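All chains should be modelled from the sequences, with the hints used to inform the complete structure.
Order-wise, the sequence lines are chains A and B.
The first sequence: position 53 = 53 (our numbering), numbered continuously.
The second sequence: position 71 = 1071 (our numbering), numbered continuously.
By construction, these hints were calculated from the structure, which means they are not laboratory data.
What you are looking at is a predicted structure, and each value in this text was computed from that prediction instead of being measured.
Don't be surprised by glycine CBs; every beta carbon is placed ideally from N, CA and C.
Keep in mind that the hints are not guaranteed to be accurate.
What the hints assert, rightly or not - Residues from chain B that face chain A, not an exhaustive set, calculated with beta carbons under 7 Å:
1) Pro1018
2) Ile1047
3) Ala1065
4) Gln1069
5) Ser1079
6) Thr1084
7) Ser1106
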Amino acid sequence: MNSPEPGNVTPPASAPVTPPERGRVSASLLGGGCEPDPRFTLANERTFLAWIRTALAFLAGGIAVEAFTSDVFTPGLRRGVALSLLVLALLVSASACLRWLKVERAMRQRKPLPLPVLVPILSLGGALVAAGLIVFLINGAS
Amino acid sequence: MIRRGHPVSSRPLRHDDPGLQPERTLLAWRRTLLTLIGVCLLFLRWIPPFGLMALLPIMVSLVAAMLIQIGLNARYRKSAKGMTQERIPAPLREVAALGCTVIVLSVVAIIAVVSG
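In structure tokens:
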């Protein structure tokens, strides 16, 4: 305050804040814009973590189907169900990262948030797995 | 030495966010950590049929869980400090690391199932 250096003046909240000690890679990934509200950053982080847990749950389901259902399913079906769950885990985790980045960028640019691509993938994948199981159950009953 | 009374180190832990955002984020990381450990334990069931192929995801998920556990405190501190400073650096590295971990786990599991 009492020093004459201009570097000590804190910018007003609306002005774009100079980027902190951030590497070139992350700077280019995040794009420009100004720092968003920290609450938004944390909320985005939690949403990412929730998607990652969803992916981990799919992964756990795939592992369990492969490990525990050899008495229930035929080998082909078991492999199919396990693989579809594992592929869903892969898709969900990959798009969780991408969505986190997209949301982070949109918040920095003060743009509207992107539509969730994950939701249709997830519901479609879940519906496919459920349909496969229904077919299996009907075939097994007859 | 003098810091043992915690007047210095506990200062950034205080924040006045009524929504308890740092706490919620900390708990979200904890839940993720627990899920990761669960996945790691499930992979143990793959050792008899798959052998070494199952050891890789077990090690990966264990190391990731340990790293998360080690970093929990610092992460909470960072977010609590960020609430008072009104800015939090985007956790790009953490997101990339965790995302890559889960992607690697799924890819290894897919390869194991496909190769039988």
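Interface hint for Ser1079 of chain B, Cβ within 7 Å of any Cβ on chain A:
6 Å, holds
Next item in the hint list is Ser1106 of chain B. Is there a CB on chain A closer than 7 Å to its CB?
4 Å, holds
Grab the minimum C-beta distance from Pro1018 of chain B to chain A and call the hint holds if it beats 7 Å, violated otherwise.
Because about 11 Å separates Pro1018 of chain B from the closest Cβ in chain A, which is outside the 7 Å limit, the hint is violated.
Agreement of hint Ile1047 of chain B with chain A interface, Cβ distance less than 7 Å:
The hint is violated - Ile1047 of chain B has no Cβ within 7 Å of chain A, the shortest such distance being about 10 Å.
Does Thr1084 of chain B hold up as a contact with chain A if the rule is Cβ-Cβ below 7 Å?
9 Å, violated
Evaluation of the interface hint that places Ala1065 of chain B against chain A, nearest CB under 7 Å
This hint is violated: Ala1065 of chain B lies away from chain A, its Cβ roughly 11 Å from the closest one there, beyond 7 Å.
Hint status (Cβ of Gln1069 of chain B to nearest Cβ of chain A, threshold 7 Å):
15 Å, violated
Comparing the model with each earlier hint shows violations of hints 1, 2, 3, 4 and 6; every other hint is respected.
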